[in-house]
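There are 2 protein chains.
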Amino acid sequence: MASQQFEPPSGTRDFLAGDLRRRERVFAAARTVFERYGFEPLQTPAFERLETLTGKYGDEGDKLIFKILKRGAHEASGEADMALRYDLTVPLARVVAAHGSRLPTPYKRYAIGPVWRADRPGRGRFREFTQCDVDVVGSSSPLVEAEVVCAGADALDAMGVEDFTILVNSRRALTGLMQVYGVPADRAAGALITLDKLDKQRPEAVVAELVDGRGLEQSVAQELVRDVTVEDAVDRMRAALKDNAEGRDGLAEVDRLLELAGPHVGEERIRFAPNLVRGLDYYTGSIWEVVAPGMPGSIASGGRYDHLIETLGGPDVTACGFSIGVERIIGALGDEDQGTDRIDVAVTVMNEDYATDALGFVQGLRRAGHRAEIFLGTSRKLGKQLKWAADRQARYALLQGDDEHAEGTVTIRDMESGNQERVSATDVFTAIDSKFTM
Amino acid sequence: MASQQFEPPSGTRDFLAGDLRRRERVFAAARTVFERYGFEPLQTPAFERLETLTGKYGDEGDKLIFKILKRGAHEASGEADMALRYDLTVPLARVVAAHGSRLPTPYKRYAIGPVWRADRPGRGRFREFTQCDVDVVGSSSPLVEAEVVCAGADALDAMGVEDFTILVNSRRALTGLMQVYGVPADRAAGALITLDKLDKQRPEAVVAELVDGRGLEQSVAQELVRDVTVEDAVDRMRAALKDNAEGRDGLAEVDRLLELAGPHVGEERIRFAPNLVRGLDYYTGSIWEVVAPGMPGSIASGGRYDHLIETLGGPDVTACGFSIGVERIIGALGDEDQGTDRIDVAVTVMNEDYATDALGFVQGLRRAGHRAEIFLGTSRKLGKQLKWAADRQARYALLQGDDEHAEGTVTIRDMESGNQERVSATDVFTAIDSKFTM
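Quick mapping for you: the protein sequence lines, in order, are chains A and B.
Those letters in the first sequence? Residues 1 to 438, per full-length UniProt numbering, in order.
Those letters in the second sequence? Residues 1 to 438, per full-length UniProt numbering, in order.
Pulled out of the complex, with its shape left as it was, chain A reads as follows:
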């Protein structure tokens, strides 16, 4: 086999201890916050029936679904009957349909797990990656938005994202704006998708696409772009929507969310952003996105999506959710070692005949809750075993050579200072304990 064939498949990763622990710390931080909020964990299978997934992600999305071949006699057909899950939202919709009566009302669930997309792998883009979602299904109270935004913000804090801003807008305010400018309803969704490109493209390019691609008049396109990008955009938008019912409701939604969540996430960390559009046309109410200095794009996003669950095959229930880009965050947090890979005590085996004693030491230390290892190599040389202890980043090493064995003692070596002390074999557990409780 060529050596490349030992690498994990393109776009996937092997997580060795250090990476895995770093990821687990981030997930555990989020989990702790969500549990405190009373969100319930949900885990669905890695694959779903093919028909559960197809047609739910648009043409481009459908192409990225990993499909599973039929088995046995049907394998030769070359047809698929299952597919790896593409996100955590379609499985949520299915679960709400399947288990509705067993679920609390509203159903507050969180899910942290892998999804699979046959995307072209690239820097920070994977074919297997973890999503982290909280959603509330079945309540239209404005407290839901506050709940979800507070949970998401607390989770970001707990993950170690120190500095972030939550940008809030309302799908209804944007719809109102379209109405005010006389954009026909059937072109409004498309125009919003184009407007969403303002964070990546120059205003003139967006105006051009609104005119050429979306059929808006030049002057309308220019006004629209100006309304959401200029410095006094907030005031302009309020003024523009003064006489539009849909738009006023949208602004009220935003105001209520800022009023409720602001004191808890920090007033300086959440604000109305008229230029936030979010291209996904399933949002029906408030929408938000979280940006953080030093992290490209947005690190989290969400909003109210009252009819999506039904569109995805579930019942018609209201819903609101927040999705945290954990892969992006883990990538940006860097890999400062928190020392959890270290071994407390490395127990050497200086002589075959002392193996029983050595095993007694290591088992006793483990039972006392220490992270302890016994030398499993065949060499009986001290230097080799001390090198092993150093490689394992052990804080202490236990040595029992002929002298120690004869007198019933053990040498405890501080691996950092090199200091050694000899203690009675019966006192070794107390001696080690005292070093870790100091």
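Watch out, some of these pointers could steer you wrong.
Because identical chains share one entry, a pair is satisfied inside a single copy or across any pair of copies.
Mimicking EDC-like on lysine to aspartate or glutamate, the simulated pairs with C-alpha atoms at most 16 Å apart in a straight line are [unchecked claim]:
1) K70 <-> D81
2) K63 <-> E75
3) K435 <-> D414
4) K381 <-> D402
5) K381 <-> D353
6) K197 <-> D281
None of these hints come from the bench; they were simulated from the model.
Since the structure of chain A is provided, determine the placement of chain B on it from the hints.
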């Protein structure tokens, strides 16, 4: 859609909060033990290249592999290029080949994660299920067997399996036995596979298969079966192997393992079992299986398999492992509720205008580490909200009606006793805290 279509795919499961928490507790118990032993976690992708998996599990196994269709222009070919992992051992072999130099020597790894097999779903048999493995790669020290057996036994203890027995034998002792009886080397592996059926079939049936299927002489087959099943089988086997070098080495392996691990797992929980065969022919040294009253079949098994990693595409390194049947254990442990689903405090919202206060209460409680929820429904009726608090199994409910709001107080209701007390709104956190620290 028919309602069945909302169910998860055949052989897979949705884990709602209660089930998921119960599973997580079992996994976490094992993880804690493995970490204490210095085993390192490893997580590999859900899918591997198809060629990494095919040909590794025999013809029957190959048929059970879930294959993933090629994508894009190649989808029409009906061919697969990837497959869902079938176990955690082949990925381990690939990781050892790919990351060898970055791994500690020996490499002690644990892995707890889902695998997929297109088996016919049935009682306790799933198409997506979790495996839990510890393995040591790269050491031939007999301490490795002791290490792995002690870790597995401690993990079973931690998972709550109270009563179990570890049955130990040696592949080499069994090979020696074949030699003593003059079974040709090329028939020995097959004969051992047949002998392994003794735990499910009557001795006469096994004798018949040894004669008809494996080509052994009637007298040899009878002697063999008797050697491993009679009450004094241990003595008979020792006597039979007295003059056979391979067999003596095998018995010495078993004796050393019992001697080393016995004091730590408990002498009464581990014993030599000449009738333990284990049909898998990749074992090269000690083998073991764990049985527990009330749990069908074996709940864990393992042994030394010194050349398997090479056979699976990795380098030729020694290895020894222990696999715990976590699904079987979770199934047998039952679902005693440990109360972790309960909410500490349910905060009601008696009036739209008091929502800000209510949110302040719930956020303060969460920040203090309590599991607290706020009522997200639209009803403002006390009865409805108290029913919600009861459904969420809340220990306490916070009520703030008009009276309380006017006087700046909150009512704390003990949901079990129904007792209520009114405290100043500023004292509510201290009051709740004191109830949970009492």
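Hints versus structure:
In this assembly of identical chains, the alpha carbons of K70 and D81 lie at most 16 Å apart whether taken from the same copy (6 Å) or from different copies (14 Å). In this assembly of identical chains, K63 and E75 lie within 16 Å of each other by CA distance solely across copies; the values are 10 Å between and 21 Å within a copy. For the identical chains of this complex, K435 and D414 are intra-copy neighbours only, at 10 Å inside a copy versus 45 Å across copies, given an alpha-carbon limit of 16 Å. In this homomeric assembly, K381 and D402 come within 16 Å of each other (Cα to Cα) only inside a single copy, at 13 Å, whereas the closest approach across copies is 79 Å.
Taking the shortest Cα distances, K381 and D353 sit within 16 Å of each other inside one copy (14 Å), while across copies they are farther apart (76 Å). For a Cα distance limit of 16 Å, the shortest separation of K197 from D281 inside one copy, 14 Å, qualifies, whereas the shortest one across copies, 61 Å, does not.
The structure is consistent with each of the numbered hints, conforming to all of them.
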